[in-house]
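What follows is the residue order along each chain.
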Amino acid sequence: MIDNQGNVLEGDVAVLTTEGRGFTPEEIADRALAKIMYVSKEANPLIRDQAEAFKESIRHTLVFYLKQAVQSDRTTLANRLREAGHSDLIKILEN
Amino acid sequence: MAISQAMATSFKVDLLNGIHAFGTTVTRGSTNADTFKIALYTSSATLDATTTAYTVTNEVSGTGYSAGGNTLTVAQTPTSTSTTAWLDFADTTWSSATITANCALIYNDTQSDKAVAVLAFGGDKTSTNGDFTVVFPTADSSNAIIRIA
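Protein chains in written order, with the working numbering: chain A, 1 to 95; chain B, 1001 to 1149.
Careful, some of the hints might be misleading.
[As the list claims (entries may be wrong)] Using 30 Å as the maximum straight-line C-alpha spacing, the simulated BS3-like pairs for lysine-lysine come out as follows:
no., chain 1, residue 1, chain 2, residue 2
1, B, K1114, A, K35
2, A, K35, B, K1125
3, B, K1114, B, K1037
4, B, K1125, A, K41
5, A, K67, B, K1125
6, A, K35, B, K1037
7, B, K1125, B, K1114
[As the list claims (entries may be wrong)] Among the chain A residues that face chain B by a calculated CB cut under 10 Å, a handful are:
no., residue
8, T17
9, E19
10, R21
11, F64
12, N79
13, G85
14, L89
[Stated by the list, open to error] A few chain A residues that don't get close to chain B, going by computed Cβ distances all over 12 Å:
no., residue
15, V8
16, I28
17, N44
18, L62
19, R74
20, A78
21, K91
Don't read these hints as lab results, they were simulated from the structure. For each residue, glycine too, the CB sits at the ideal point set by N, CA and C.
Given the sequences, and given the hints that come with them, work out the whole structure.
Now the structure itself:
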């Protein structure tokens, strides 16, 4: 018997939520990393370790630049608030 | 000469691209890709393989959520790896939202809201004055959200 089977498959999604805040650069970096590279648990240990180390270095880079983006956006927001006459609200944006 | 009975991988990709029509097909106004959306539902919803289209019944309501849900961005247009055709959507977020959802429906906003896939979250997920993000699986032939193997 010749089997010519085909399957339509559906992947599993994950849901991430926050309360009273948005996601942190670290949390978003982890999500981005999962999209950028996947290291198989069955990979050769030597290659896997190298891949994991590379992944960690990418994570640091992502977090750094995501924080830069947040800071830069706050500068933009601060200027918008100042232009709208709400300079007092700028302090809220400061960490 | 080697002969292997198989369903052509290119055919699987073509199916995802709407190339073949074995039955009566729709009349398309353009060659643009359809718009796909994702709507959230409460645990009271009845959604499964028999669902045929988007419905407002038991759809989530709350701050930061509008009926119909979010428009999805196709992060990877239909492609194939080995003999599996697949595609990927970009993660989607409802910002500053106060909502609770138990599942979601991906549907074709362009083609009369026809259903594509039901996504069960495995329980209630809640955001309170925060972000509610649906994270799509790894974009490859083993995990992607929609695959034809």
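Evaluated hints:
1. K1114(B) <-> K35(A): holds, 28 Å
2. K35(A) <-> K1125(B): holds, 22 Å
3. K1114(B) <-> K1037(B): holds, 10 Å
4. K1125(B) <-> K41(A): Given that 30 Å is the threshold and the Cα spacing comes to 29 Å, the pair holds.
5. K67(A) <-> K1125(B): holds, 27 Å
6. K35(A) <-> K1037(B): The hint holds at about 21 Å.
7. K1125(B) <-> K1114(B): holds, 25 Å
8. T17: Given a least distance of 4 Å, the restraint on T17(A) holds.
9. E19: Given a least distance of 4 Å, the restraint on E19(A) holds.
10. R21: Holds, about 6 Å.
11. F64: violated, 21 Å
12. N79: Given a least distance of 22 Å, the restraint on N79(A) is violated.
13. G85: violated, 24 Å
14. L89: Result: violated, 17 Å to nearest chain B Cβ.
15. V8: violated, 5 Å
16. I28: violated, 9 Å
17. N44: The claim stands: N44(A) keeps its Cβ more than 12 Å from every Cβ of chain B (closest is about 18 Å).
18. L62: Its Cβ never comes within 12 Å of chain B, the nearest being 15 Å, so this holds.
19. R74: holds, 16 Å
20. A78: holds, 19 Å
21. K91: Holds, because the least Cβ-Cβ distance between K91(A) and chain B comes to about 20 Å, which exceeds 12 Å.
When each numbered hint is compared with the structure, violations occur for hints 11, 12, 13, 14, 15 and 16.
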